[in-house]
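S.K.: If you want the building blocks of each chain, they are given just below.
Protein chains: 6
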Amino acid sequence: MFSVTVRDSMMVAHSLRGEVFGPAQQLHGATYVVDATFRSASLDADNVVVDIGQATEHLHAVLGELTYRNLDDDPALEGVNTTTEALAKVVADALAARIRSGQLGEGARDVAGITITLRESHVAWASYERDL
Amino acid sequence: MFSVTVRDSMMVAHSLRGEVFGPAQQLHGATYVVDATFRSASLDADNVVVDIGQATEHLHAVLGELTYRNLDDDPALEGVNTTTEALAKVVADALAARIRSGQLGEGARDVAGITITLRESHVAWASYERDL
Amino acid sequence: MFSVTVRDSMMVAHSLRGEVFGPAQQLHGATYVVDATFRSASLDADNVVVDIGQATEHLHAVLGELTYRNLDDDPALEGVNTTTEALAKVVADALAARIRSGQLGEGARDVAGITITLRESHVAWASYERDL
Amino acid sequence: MFSVTVRDSMMVAHSLRGEVFGPAQQLHGATYVVDATFRSASLDADNVVVDIGQATEHLHAVLGELTYRNLDDDPALEGVNTTTEALAKVVADALAARIRSGQLGEGARDVAGITITLRESHVAWASYERDL
Amino acid sequence: MFSVTVRDSMMVAHSLRGEVFGPAQQLHGATYVVDATFRSASLDADNVVVDIGQATEHLHAVLGELTYRNLDDDPALEGVNTTTEALAKVVADALAARIRSGQLGEGARDVAGITITLRESHVAWASYERDL
Amino acid sequence: MFSVTVRDSMMVAHSLRGEVFGPAQQLHGATYVVDATFRSASLDADNVVVDIGQATEHLHAVLGELTYRNLDDDPALEGVNTTTEALAKVVADALAARIRSGQLGEGARDVAGITITLRESHVAWASYERDL
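Those sequence lines, one after another, are chains D, F, R, Y, H and C.
First residue of the first sequence? That's 1 in our numbering, and the numbers climb one at a time after it.
First residue of the second sequence? That's 1 in our numbering, and the numbers climb one at a time after it.
First residue of the third sequence? That's 1 in our numbering, and the numbers climb one at a time after it.
First residue of the fourth sequence? That's 1 in our numbering, and the numbers climb one at a time after it.
First residue of the fifth sequence? That's 1 in our numbering, and the numbers climb one at a time after it.
First residue of the sixth sequence? That's 1 in our numbering, and the numbers climb one at a time after it.
Simulated from the structure, these hints should not be mistaken for laboratory data.
Mixed in with the good hints there might be a few duds.
What the hints assert, rightly or not - Simulated restraints on C-beta separations:
#1 R:23 x F:45: 55 to 61 Å
#2 D:113 x Y:25: 41 to 47 Å
#3 F:131 x C:74: 43 to 49 Å
#4 R:42 x H:26: 56 to 62 Å
#5 D:60 x H:42: 45 to 51 Å
#6 F:25 x H:110: 54 to 60 Å
Said to hold, decoys possible - Covered stretches of chain F (in silico footprint by chain Y; criterion: 3 or more residues with CB under 8 Å from a CB of chain Y, positions within the stretch not fixed):
#7 18 to 31
#8 117 to 124
Note that this is a predicted model, so its numbers are computed, not measured.
Each residue gets a CB set at the ideal place from its N, CA and C atoms; glycine is no exception.
Let the hints inform the model, and build the full structure from the sequences given.
M.R.: This is the structure:
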């Protein structure tokens with residue numbers, strides 16, 4: 001199994017709902033350093049899982065819909081408790097949609113699955129892994 | 001599949017038994033930077049795999065039984081060759097016991113598995129992965 | 001010259017004032033991974049610049065006054081454009097006040113200077129360095 | 001499941017074939033920081049997956065056949081488009097051959113699989129994972 | 001003293017002249033992860049040393065003149081033994097010229113000095129520090 | 001000013017003397033990831049501060065006198081409270097002696113100063129900087 005990973009980041013404000021979150025129930029914020037991993041059993045005609053340039057561009061576009069915002073006011077996230085786990089799934093699903101619609105190129109249609117990891121600090125991170 | 005990881009560290013003395021270890025057969029020591037990963041197919045009512053605060057607290061408690069000690073004199077490890085792999089299993093099993101007994105909260109009872117990684121230097125680390 | 005550094009982090013919401021900041025003029029957020037460096041020409045009776053435990057505890061207390069907040073609503077920062085540079089100075093000055101008042105112990109009174117570095121992402125950080 | 005990972009690096013020149021690579025079609029170069037992970041369901045008599053010293057030595061030997069070279073002129077890679085993914089497989093297959101022939105010791109014969117990760121920058125890396 | 005640092009990278013082929021370099025006398029290559037630090041005693045009207053966006057853009061432009069090339073064939077580097085130290089100076093001088101000519105904005109004219117660090121692997125890096 | 005840095009590590013057992021150290025008064029251990037920085041105002045005939053190969057070899061030799069040992073039993077450290085700061089000075093002084101005696105080559109005689117940083121965990125490190 002082959003995989004390729006590219007890294008970018010986003011900077012958002014949000015608050016979390018639930019007593020378990022303690023002070024994180026207040027409006028605060030986070031930088032999420034985001035790693036997007038693309039997996040495939042085989043390489044395409046160019047000997048890649050997915051073109052790193054294309055992967056980087058589309059991860060950046062997906063994060064561009066979230067970064068520099070207050071997620072509490074984002075209509076697309078209404079009703080979502082925006083934990084790190086939940087945001088990892090939001091990013092993964094958006095990237096998966098782009099792959100399936102052919103935006104990352106024909107070769108990327110063979111991508112078998114992706115994993116999105118959001119690092120929220122030097123001591124905590126979360127991931128969401130899904131098939132395509 | 002979702003996962004959450006928290007990081008802490010421990011500082012121990014120990015010696016290893018077996019010619020293969022060369023100078024590491026002498027009493028020496030290590031800082032292990034420890035990553036504990038919790039995996040779950042679904043999120044709980046708070047939209048998390050496990051509360052990061054609880055996960056951090058319990059990892060710290062587990063490491064607290066090992067850190068600042070000479071493992072060669074630890075009765076709980078008598079007869080154990082305390083390689084990085086073996087210590088990863090010790091930490092994983094202790095954390096698994098806490099999850100199963102409900103100490104990390106009811107939501108954590110859905111954790112499907114955990115992985116413990118011990119980084120012993122900038123160029124070497126070991127992991128142990130187990131189901132719950 | 002000796003130095004000791006300890007690391008912690010804070011997670012805040014804020015917005016920046018000024019056209020130069022582009023989308024960062026909107027309410028967003030950041031995790032700042034914070035490194036506090038203490039410098040001294042000589043070591044104290046315990047052979048340290050400052051006790052790492054005390055340094056860690058006081059850095060955590062200083063960050064505790066900022067983390068999990070919307071800095072735009074913090075009366076202590078009213079009128080401050082809370083750039084990474086400016087926040088580095090806020091942290092440095094608060095830590096310096098604690099050192100001068102003896103809260104980090106008598107040995108820490110010989111600390112000659114401190115540097116605070118705030119890492120806002122994997123590709124950008126800022127520092128403020130001052131004497132004591 | 002246990003695993004052990006060791007890290008080394010190699011520095012090579014090469015060019016890539018295919019329009020998708022843009023300026024990387026020109027002769028350029030890369031440092032690949034290489035992580036070799038060895039997996040096993042059980043530990044050997046010394047309580048390790050594989051001796052870290054042996055693993056380090058053999059990874060270094062495998063990389064020694066590639067580093068400080070222009071891969072475009074390497075007869076062993078003739079006709080290979082030397083993408084990061086492809087090089088990860090080259091390293092993995094060479095290391096697997098050494099394990100199977102017993103060069104990493106008898107204990108290493110129980111290694112179930114290996115993963116090779118090549119980090120080409122702070123924002124991009126690729127892996128190849130295979131069974132033994 | 002304040003400072004701001006931004007990170008980018010470049011990927012080049014080159015060879016080094018001199019017996020001391022051993023196998024690095026052959027054509028090989030490197031990824032240099034490049035940190036550019038800007039220092040200033042005071043902040044500008046926007047409370048920054050230099051706008052991070054502008055700093056990032058101009059570092060990228062400077063590296064764009066080197067990346068994806070064989071430095072042995074670069075007329076601008078003819079006669080230069082392109083060690084990591086020497087390349088750090090090339091980047092620093094190019095960035096300094098842009099600051100002095102006002103390309104990073106009027107605020108950046110108060111930048112007192114810059115440091116360029118080139119990381120060539122996980123175990124080696126070089127820096128060049130200069131005034132403006 | 002130019003600088004070059006190389007990284008290695010050592011793994012030691014030791015105990016610290018003084019109530020301030022709390023549980024670290026017990027015999028425990030640490031991995032120190034060690035960065036050795038060499039500074040010079042100018043480059044030598046090969047365009048380097050110091051040959052990275054030589055620097056790496058001599059740092060490794062200096063650490064070889066400490067690693068895989070219980071420092072409490074090391075005659076060379078008798079009476080020394082082996083804090084991270086103190087060990088940074090031990091390494092720096094040993095490396096400085098090698099430079100002054102010409103072991104790192106004639107070019108290295110122009111090295112103006114060195115800094116040794118010992119990272120004891122992901123959240124704490126200490127440095128010692130000296131002239132030559």
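S.K.: Let me make sure I understand: some of the numbered hints might not hold for this structure. Which ones are they, in numerical order?
M.R.: 1, 2, 4, 5
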